[in-house]
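Asks: The lines below spell out each chain.
There are 2 protein chains.
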Amino acid sequence: MHFADRLFAAVRKSGNAVCVGIDPRPEDLPEGMLDRFSGDRAGVSEALRVFGREVLDVVTGRVGVVKFQAAFYETYGPEGMAALQDSIRYAHEKDLVVIFDGKRNDIGSTAEAYARAYLGKVPVGGRFEPSWDADAITVNPYLGSDGITPFVKVAAREGKGLFTLVRTSNASAREFQDLVADGKPLYRHVADRLAGWASPHRGESGYSLVGAVVGATYSAELAELRAAMPDVPFLVPGYGTQGASASDVAPAFDESGLGAVVNNSRGLIFAYQKAAYREKFKDNWQGAVEAALSEMIADLAANTSCARLAS
Amino acid sequence: MHFADRLFAAVRKSGNAVCVGIDPRPEDLPEGMLDRFSGDRAGVSEALRVFGREVLDVVTGRVGVVKFQAAFYETYGPEGMAALQDSIRYAHEKDLVVIFDGKRNDIGSTAEAYARAYLGKVPVGGRFEPSWDADAITVNPYLGSDGITPFVKVAAREGKGLFTLVRTSNASAREFQDLVADGKPLYRHVADRLAGWASPHRGESGYSLVGAVVGATYSAELAELRAAMPDVPFLVPGYGTQGASASDVAPAFDESGLGAVVNNSRGLIFAYQKAAYREKFKDNWQGAVEAALSEMIADLAANTSCARLAS
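Protein sequences appear in the order of chains A and B. Residue numbering for the first sequence follows the numbering used here, beginning at -9 and increasing consecutively. Residue numbering for the second sequence follows the numbering used here, beginning at -9 and increasing consecutively.
If we strip away everything but chain A, and leave its shape as in the complex, we get (with noise of 0.2 Å):
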């Protein structure tokens, strides 16, 4: 099944287009997740899969999509990496599209070999099998289409995704990504180019599975490159912890709230040190990550078109 099909079921299915992000950074690890385990390398990579798997466990069923960040397990070296695997794993039995956030990038056989250790399959032993299997990667296009071809070969084999970042959410994004050349900015360049990749690729939802990063934190943007690559499904940071509200975000979605997920990882996973939740969910960290997200996606309902999805 194509990659934005099964992207855009998973949306309609949940009834929201939230995706939660998975950025164990270590420190903010619920009280005693560490504790549990031996107070050596293996033991935090085992704190890592266990709080992955536990966090899978409170978002099932009402998400459709998460994505990992790969710095946090390869912190931790093949150990934390294969934490990585196996949350990805568990997040499949789940029913979950995955979303491996590593921002790749490299060029013609190089380029390929992370798309078919992150999407499709690895020779071994004279046999072809999944190595990572995520459903699609975060990409950088610095390198030009050398840099994203070999990625979109792979992904329309295996039936997966890729999303490259056009536009970031961070305050430093513009030194480069709006430096303006022939009239127009540098990542209305990389948005052209990327409309281009995107439409021999489409699903029968009419979206393809070649994807753009687009931030939240800058809102006009956001909707001009919605206008410039209308079959291009966004994946969208900044909302919550990076200062991006509903509103931000209205303008990434078609009109029956889908063409977008929006990413929100320390605001979900790690809610229970929001303020408002650190009395009442003091020993339940799962607790706050549920009404962090219920909080989340009644927000996104009631400021943008996905409140469409749940009719």
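Don't take every hint at face value.
Identical chains blur together in the list; that is why a pair holds if it fits in one copy or across any two.
Below, a list of computed lysine-lysine pairs in the DSS-like style, where the Cα atoms sit at most 30 Å apart [stated by the list, open to error]:
1. LYS3 to LYS143
2. LYS111 to LYS270
3. LYS3 to LYS111
4. LYS264 to LYS111
5. LYS264 to LYS143
6. LYS143 to LYS111
7. LYS272 to LYS143
Bear in mind the hints are in silico, worked out from the structure with no lab data behind them.
Got chain A; can you put chain B on it based on the hints?
Replies: For chain B alone, coordinates are given in the frame of chain A:
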């Protein structure tokens, strides 16, 4: 010891500026290499591990710097990553300077997590310990300063370095990197920012711990960028298989033959595939690595200021 001082001490000691790129594409491994191990994932990973050690055995004492391409290890999941970890450790035992070529990029605390993971120390049970322990990492600048300064901070603290993509060696590099804004191409904007990140972090050699990746396939730009970033170490890909000659890379060096390392991956480690070597080194791929390395060292000495390193 400051990264650039270590890097160029290694170059001086070896008498050449070659960086041996270890990109173990399984389909290119010497005949019989995969058959030495079991036909499953553990076997392929073991082949990567052993191949890495055998390459390092050949090049130790001949060169000062090696670069590992992460993609080919990530291909095989945590098992493949364990092979990479072993190779990095083994390279350190051999006193080689190790570059982790992963082109990582993210912002804020996520970028810092990558930096700690690959260059610094990570928290484990109240202590901090190294995880991957590379000497330098390649990074992608698309996200601006927020994505670079966390790497610079960790590198400065740990005596490590980074190489930021500026001008890559691939054909489509031009699509975005050559867009002209405010009278100069994007790659010059990146270079000018990079010069600013680099200048507070110079070692005794005069070079900074903040380096740049500048492809050899665009020789005029290489000269321009050398002038724009006089205190920035260059990691130069594109020599050999990608078509650049020693005269193309010559502008990367200062008059003492320092300032840059020139990477060669396939052209060295898979030299046994070259028409000229195929017959001669039929059952001795290590011999082909040695021969190709000697050829490259001689070529750089004959056509660049690296000749001065040997004296």
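Asks: Out of the numbered hints, which ones does the structure contradict?
Replies: 2 and 7
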